[in-house]
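Chain residues, written in single-letter form:
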Amino acid sequence: MDKQELKKRVKEVIARVLEIDENEVSDDDNFIFDLGADSAQSIELVAGFEEEFDIEMDEDRALEVQNVSDAVNFIAEYVD
Amino acid sequence: MAAKNIKNLNQNMEKIFYPESVAIVGANKVPGTVPHDIIHNILKADFQGIVYPVSPREKFIAGAKAYKYIIDIEDPVDLAIIVFPSSVCDLALEQCGKKGVKSAIIISAGFKEIGEKGREREQKLLEIADKYDMNFIGPNCLGVINTDPKKSLNASFARQMPEEGNIGFLSQSGALCTAVLDYAQAKHIGFSKFISFGNKADINEIDLLNYLKDDPKTEVILIYLEEISNGRALMETARNIIAETGKPILALKAGRTSEGASAAASHTGSLAGSDEVTSGALKQAGIIRCDNIEEMFNKAIAMAYQPMPKSNRVAIITNAGGPGVLTTDAAISEGLELANFSDQTTAVLKKSLPRTANIKNPVDVIGDARAERYKVALSQALKDVNVDGAFVILTPQSMTDIEDTAQEVARVAEQYDKPIYASFMGEAEVSEGVDILQRNKIPHYQLPESMCRAFATAYNYTTHKQKELDRSELYEDVDKEKAQKILDQAKSEGRKVLTEYEADKVLETYRLPLPQRELAKSADEAVEIAEEIGFPVAMKIQSEDITHKFDIKGVVLDINSTDEVKQAYEKIMENVKSNKPDAKINGILVEEMIPEGEEVILGIHQDSYFGPSIMYGMGGIFVETFKDVSFRVAPLDRETAENMIEETSSAPLLHGARGISERDIDALINALIRLSQLATDCPDIQELDINPMIVLEKGQGCYVADASISL
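Protein chains in written order, with our numbering: chain A, 14 to 93; chain B, 176 to 886.
Since the hints were made in silico from the structure, they are not lab data. Do not take every clue at face value.
Some, not all, of what chain A presents toward chain B, calculated at C-beta under 7 Å [as the list claims (entries may be wrong)]:
hint, residue
1, Val38
2, Asp47
3, Val59
4, Ala60
5, Phe66
List of simulated lysine-lysine pairs, BS3-like, C-alpha gap at most 30 Å [said to hold, decoys possible]:
hint, chain 1, residue 1, chain 2, residue 2
6, B, Lys234, A, Lys20
7, B, Lys666, B, Lys696
8, A, Lys24, B, Lys292
9, B, Lys696, A, Lys21
10, A, Lys24, B, Lys243
11, A, Lys24, B, Lys873
12, A, Lys24, B, Lys458
13, B, Lys458, B, Lys204
14, B, Lys696, A, Lys20
15, A, Lys24, B, Lys204
16, B, Lys666, A, Lys24
17, B, Lys292, A, Lys20
Built from N, CA and C at the ideal position, the CB exists for glycine as well.
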């Protein structure tokens with residue numbers, strides 16, 4: 014999958030789970046510090062990505078991912 | 176990490192307790208969460224300053240404008256309270272640094288208490304704080320409360336703001352803080368500052384104790400500790416506080432169990448669970464150690480509410496005989512004295528009280544006493560120059576007006592500069608009276624025993640003059656280099672245990688009293704040595720592989736002839752061969768037989784919190800059975816050494832109990848001081864036992880009968 018396409022879909026998931034405007038999400042945003050995700054939403058994000066891309070991620074590692082760019086790179090490992 | 180800049184630290188701590196503005200970084204609007212509760216606590220307490228919620232998503236929180244980042248706030252911020260999850264606390268602290276915030280409280284958990292990952296996070300926080308000259312409390316804490324109406328800050332997620340008071344409370348455990356607040360609320364115990372310091376990554380108990388030392392609102396300091404950052408610094412700080420301000424420090428230290436001690440090779444090691452050393456060290460520093468929260472507050476309110484007792488002479492005013500006797504017993508067993516009333520007091524009491532009343536101390540105002548009768552008896556007792564404190568005992572009889580009596584006690588207390596404590600015995604019927612006493616700062620105790628103990632603690636505190644170690648009492652005739660040389664030799668050979676002969680040589684360099692002795696490599700040599708020393712002699716196996724020589728029958732005492740020397744030599748060798756066949760034998764020590772005396776044990780132990788420590792106790796083979804020992808941190812002065820001896824139950828034996836003549840306590844004190852110097856000068860010594868040391872009659876000295884040293 015094209016990286017740009019992947020990033021777009023990642024941002025859509027983030028916007029949906031955190032109930033924010035997709036345009037408010039930038040590449041370097043930290044899910045917690047910049048976007049205000051709480052602990053439940055962090056888990057929902059992992060579940061949202063798995064559903065969106067039909068993948069199963071290592072949950073511990075997935076929860077370590079803190080920002081949009083890192084999420085894109087991490088998901089790319091599973092999608093490719 | 177650079178050393179703390181004290182000037183910055185003091186300024187930054189002042190801003191933690193007295194900020195003009197506070198930012199809650201990571202705030203939210205979700206009830207039941209820490210960020211939500213903290214912001215509401217701050218607002219509910221009527222904080223005298225500006226509050227800035229900082230939240231990535233909210234525009235307004237609790238009616239206040241919220242900022243996405245702390246750097247978005249135009250005005251300066253004095254204090255940041257960080258409530259983000261631990262994974263992003265570093266980002267939050269970094270922004271605080273950029274904003275110029277110098278003080279922070281990091282509430283979040285998930286740091287060193289969870290392991291390596293958390294430890295790394297904590298280290299990162301320290302690096303950021305260092306970079307921006309910031310200081311922070313926490314992480315992993317409940318927060319901080321300042322009841323001073325000038326600020327009224329409840330920067331915590333406790334359920335309530337405590338009443339204002341003069342007790343400063345420090346706690347490593349946040350959860351314990353909530354229990355203490357609840358306990359204190361029920362008893363109207365107020366606090367000046369209430370501080371949960373959690374993992375104490377940056378600001379630790381020493382810094383906070385120093386802050387409370389200079390805090391004019393704090394008159395009594397309480398501290399709950401799980402582990403001690405720096406034992407020696409804690410002792411020095413406490414000594415300074417007590418000497419300079421007179422503020423009493425009471426401590427509750429968790430961890431009284433002695434796991435791991437059983438693995439120690441020496442007697443001293445097995446008796447020195449770190450807790451025993453901690454107890455000795457706290458005592459040495461003047462800190463009053465308590466066993467539980469109740470005891471701590473029983474003692475704290477005595478010292479925080481009422482004047483300190485000028486003597487131990489007390490008056491007891493009671494409306495019931497039995498409780499009067501119980502209180503008398505408790506008072507006497509705590510070392511208090513029942514004051515002898517002056518003739519004038521007796522005359523007035525005789526005139527004022529019914530015929531059936533007991534006008535001697537304890538004064539029994541009898542069962543039908545109303546408040547007025549208590550007032551007369553209490554006032555007269557306190558007027559008496561022979562009385563320096565009073566206990567008011569009340570039992571709820573049908574005629575007793577409990578609340579009025581409580582009010583009267585409070586009124587009388589205002590008129591005299593002498594302490595009054597009360598015990599309204601019972602529970603349900605006396606509760607309103609107790610409430611009145613507590614609101615009026617009359618220390619109340621459910622049991623007379625606790626009341627007497629609290630009074631005795633306050634009295635002992637006033638008589639105990641905290642002083643620096645008297646270095647003039649240390650000896651200059653010791654040879655540190657020579658002792659170290661012997662230790663280095665053993666170390667170079669990879670040995671962890673010195674032979675007794677070597678141990679004796681080390682003790683000799685510090686002039687500890689040893690009997691004449693020489694090492695024999697053969698039976699003939701043993702005979703020669705014995706003849707030179709003169710009979711009787713003792714003979715002991717020498718091997719670094721044998722610590723407890725008696726256990727393997729490696730010792731023969733009271734040898735009176737050359738034939739006996741030869742026999743003893745062969746016998747010891749046989750015993751060792753059968754009981755410890757692999758032991759490397761260095762020879763047999765032939766030694767002057769020490770006359771009979773009292774057997775005591777002296778030891779050195781390296782404590783993880785306090786470093787080189789000294790043990791003293793009842794010696795011989797029962798040392799571990801009776802555990803009649805005391806510990807102090809080295810070096811010792813005379814007074815400390817004497818206290819160590821006197822606090823053991825076996826001390827009377829040295830003073831000449833039951834027909835035994837008085838022992839040479841002075842020589843024993845000298846030995847303890849010398850040993851403490853050795854412990855301080857040679858930290859390679861991990862454990863040292865002198866067991867037994869024989870203390871002879873007064874003027875005859877004391878002798879090391881057996882010694883072992885482990886490196």
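Status of the hints after comparison with the structure:
1. Taking 7 Å as the C-beta cut-off, the interface hint given for Val38/A is violated, the closest approach to chain B being about 12 Å.
2. The interface hint given for Asp47/A holds, since its Cβ lies 6 Å from the closest Cβ of chain B, which is under the 7 Å cut-off.
3. A cut of 7 Å between beta carbons decides the hint on Val59/A: the least distance to chain B is about 14 Å, and the hint is violated.
4. Hint status for Ala60/A relative to chain B: violated, with the closest Cβ pair at about 18 Å, above 7 Å.
5. The interface hint given for Phe66/A is broken, as the beta carbon of that residue sits about 23 Å from the closest beta carbon of chain B, more than 7 Å.
6. Distance restraint check for Lys234/B and Lys20/A: the Cα-Cα separation of roughly 28 Å lies within the 30 Å cut-off, and the hinted pair is therefore satisfied.
7. With a C-alpha separation of about 23 Å, the suggested pairing of Lys666/B with Lys696/B holds against the 30 Å cut-off.
8. For the given pair, Lys24/A sits about 28 Å from Lys292/B by alpha-carbon distance, which is consistent with the 30 Å threshold.
9. Our distance criterion of 30 Å between C-alpha atoms is broken by Lys696/B and Lys21/A, whose separation comes to about 89 Å.
10. Between Lys24/A and Lys243/B the CA atoms are separated by roughly 20 Å; this keeps the pair inside 30 Å, and the hint holds.
11. For the given pair, Lys24/A sits about 89 Å from Lys873/B by alpha-carbon distance, which is inconsistent with the 30 Å threshold.
12. Proximity of Lys24/A to Lys458/B is assessed by CA-CA distance (about 62 Å); at most 30 Å being required, the pair is judged violated.
13. A distance of roughly 48 Å separates the Cα atoms of Lys458/B and Lys204/B; the hinted pair therefore is violated under the 30 Å criterion.
14. Distance check on the hinted pair: Lys696/B and Lys20/A sit about 85 Å apart at the alpha-carbon level, beyond 30 Å; violated.
15. At most 30 Å may separate the alpha-carbon atoms for a hinted pair to count; Lys24/A and Lys204/B meet this at roughly 25 Å.
16. Taking the CA atoms of Lys666/B and Lys24/A, the gap is about 65 Å. The hint is violated against a cut of 30 Å.
17. Taking the CA atoms of Lys292/B and Lys20/A, the gap is about 29 Å. The hint holds against a cut of 30 Å.
The structure shown violates the earlier hints numbered 1, 3, 4, 5, 9, 11, 12, 13, 14, 16.
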